[in-house]
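S.K.: Now for the letters of each chain:
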Amino acid sequence: MNIKVNNESLEYELLRKGDSYLLSYQDSSLPFQVFRYGNDYLVLNIEDNTAIVLDVYKAKNKIVIWAEDEEFIIEEISENETLSSHEVIENNIKSPMPGIIKEIKFMENDIVKKGDTVVVLESMKVLNELKSSVNGCIKKIYIEKGAQVGPLELLVEIEPKED
Amino acid sequence: MRKIKRVLVANRGEIAIRIMKTLKLLGIESIGVYSEADKLSKHISFADKAYNIGEPEAIKSYLNMEKIINTAKQANCDAIHPGYGFLAENPVFAKMVQENGLIWIGPPSECMKNLGDKINSRIIAQSAGIPTTPGGTIESIEQAHKLANEIGYPVLIKASAGGGGKGMRIVYDDKDLEDAIKVAREEAKAAFADPTVYIEKYIEDAHHIEIQFLIDKFGNGLYFPERECSVQRRYQKIIEESPSPTIDRQTAKKMGEAALLVTKKAGYHNAGTVEFIYDKKSKNFYFLEVNARIQVEHPVTEEISGFDLIASQIDIAEEKPIELSQDELNNRINGHAIESRIYSEDTDNNFMPSIGKIEHYREPAGFGIRVDSGFFEGSEVLIHYDPLIAKLIVKAPNRMMAIKKMYRALSEYHIAPIKTTIPLLKNIFKHKKFIEGDYNTQFLSIYKDELFNQKQNPIHLKEAIVLYEFLKQSSSDLTFSGEATLPSCWEMIGSWRG
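Protein sequences appear in the order of chains Z and G.
Throughout the first sequence, residue numbering follows my numbering, covering 1 to 163 in sequence.
Throughout the second sequence, residue numbering follows my numbering, covering 1 to 498 in sequence.
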């Protein structure tokens, strides 16, 4: 089995026998049992007789597990993900988080340089300058001053231009 | 003496709750206020009554002076407590409160105007013989360039009315000065309704150390042991501890006396804090500013002194004299306290605010562990306000035990799916330099790599994997989209009316 734990992939084998699990991971194989424990779960290592209590948060495509002082974010490895890992340089301006547009420093068809502040986004009282990552030309502005935007919304389209 | 019977708490979140808890203990009724966006926020349930004061934007609700005063009168309040932030350090508001026959639980308006304003407060400090960092006001962009070059880069641009790092910018170069002033002004205006900013020399090897004090209406004053607040990001504190591991008792005493000297000279009464910059190399301290309000980190002082500072604020507003002497207070001080600020921020992504619903929430508890929080499971972290979720405060007989206790408590603080400062805080409390007490305001940037990307060998990974599989395979669990998929109840009963 392949999963991602705290953003790192790892591989293991799991065998279920009745109500116990045999986990083979790296160079060991250990038997465990799992019990519901109030709002938590108790995982018993049958060989060592050690039991720990884990708290869990379940979301659609990941789960978060707290064990003692550790936190594990576990995700399945999906095929889409391996595709999206080929990173594309984003030339457009997108909102990194929800906020309110305080200022748009350019108009459509203006020329921008890499590093120019294009939009000022206010979120939680802090002004964030959203900068162009390319040299280019403002193709389209999708927002106006005072607009409230959500996360990862397309704000300004920039057409990259070589010098 | 006068008796306060009903107080409007002009704030939200953890500080509104903190204040209301003390009011309840004192047998005083509390009136809450909330914005449209805060209808279901936690602070409302702690108030005896709560009133809607307007739209989500702070300027239309929590900063709406007339609305708040009218609400206080309508609810027959006799006093207003402003908390921190919002209108807490607004002398115009303090004056309006009093002109409307209400008691202002805070320093006198005139004194706030002189002291709360950072430019004036520096002049007062200088006249009391207390050194200040070089700097001055901004009259024009040309003059700002001249001044910045005179005192030498890097310089800080700070909001005159501000606090909490808002409206603050550090500038390393002449060419960035104008932009920084502009942005700082805008932030200052948005946060404090006052765009005035000033320039100050930025001391690079600096400690942020501050003195909490109380002064009554008869001029009796007390100063508390110093709080060290040097762990900061974006010039905003995330950890505070008392006493400081940096300064000795003699320096602390000097700072305490200096704090009372400045504030008494300014005619201050009620609770407040004097902030100093301490240069560890030269062992000099410089007056920075007065926070004319109750501060976020006041619980640290409460824990080592046994004082309820909100109750002290009310006593002073009721014109009761402070009866304790400085020596008696010094004898009450024991142990060590630390506060961690739990912000909804993505520490791996330059502390970007992480907004949304808290779907999983579990607080730590136990001996010497205190949580001042403004949220519960199901609460929304809102875009309009400060991203502070809670303050976690621990108290122990000594610093080492307090650090261990804090680490444990942070490990037991579970918040998801929004990102918080908890993982970073845990790394800080395990960091050798912090444990040794060897840190300054640059701590986070100097040890960035160790603090932000710490990877270690997981101990309970196997248990976590087993549990993950258990949950995936458990058919009773429909919320987790694993392999086990049961048909929905609609599919099972067939279509409606078949």
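If you're looking for bench data, these hints aren't it; they were derived computationally from the structure.
Quick caveat, the model's predicted, so the values are computed rather than measured.
Some hints could be false.
As the list claims (entries may be wrong) - Cross-link-like lysine-lysine pairs, in silico, DSS-like; alpha carbons within 27 Å at most:
#, chain 1, residue 1, chain 2, residue 2
1, Z, K102, G, K182
2, G, K175, Z, K62
3, G, K60, G, K189
4, G, K3, Z, K4
5, G, K5, G, K39
6, Z, K131, G, K472
7, G, K5, Z, K102
8, G, K3, G, K264
9, G, K472, Z, K58
As the list claims (entries may be wrong) - Simulated DEER-style distance windows between Cβ atoms:
#, chain 1, residue 1, chain 2, residue 2, range
10, G, N349, Z, D48, 54 to 60 Å
11, G, I333, Z, E11, 54 to 60 Å
12, G, D174, Z, K4, 27 to 33 Å
13, G, M400, Z, F35, 21 to 27 Å
Just so it is clear, CB atoms sit at the ideal spot from N, CA and C, and this is done for glycine as well.
S.K.: Please go over all the hints and tell whether each is borne out by the structure.
M.R.: Now the hints, each set against the structure:
For the proposed pair K102(Z) and K182(G), the alpha carbon gap of about 13 Å is at most 27 Å, so the pair holds. Of the pairs offered as hints, the one joining K175(G) and K62(Z) is violated, with about 46 Å between alpha carbons and a cut-off of 27 Å exceeded. For a cut-off of 27 Å, the pair hint linking K60(G) to K189(G) stands: about 14 Å separates their Cα positions. With a C-alpha separation of about 61 Å, the suggested pairing of K3(G) with K4(Z) is violated against the 27 Å cut-off.
Pair hint K5(G) plus K39(G) holds up; C-alpha atoms about 25 Å apart against a cutoff of 27 Å. Annotation: proposed proximity of K131(Z) to K472(G) is violated, straight-line Cα distance about 42 Å (limit 27 Å). Annotation: proposed proximity of K5(G) to K102(Z) is violated, straight-line Cα distance about 43 Å (limit 27 Å). For the suggested pair K3(G) and K264(G), the alpha carbons sit about 25 Å apart, so the restraint of at most 27 Å is met.
For the hint linking K472(G) to K58(Z), the alpha-carbon distance of about 10 Å falls within 27 Å, and the restraint holds. With their beta carbons about 38 Å apart, N349(G) and D48(Z) fall outside the hinted range of 54 to 60 Å. The beta-carbon spacing between I333(G) and E11(Z), approximately 55 Å, falls within the hinted interval of 54 to 60 Å. Separated by about 47 Å at the C-beta atoms, D174(G) and K4(Z) break the suggested range of 27 to 33 Å.
Checked against the hint of 21 to 27 Å, the pair M400(G) and F35(Z) fails, with Cβ atoms roughly 36 Å apart.
Violation of the numbered hints given earlier is confined to hints 2, 4, 6, 7, 10, 12, 13; the remaining hints are satisfied by the structure.
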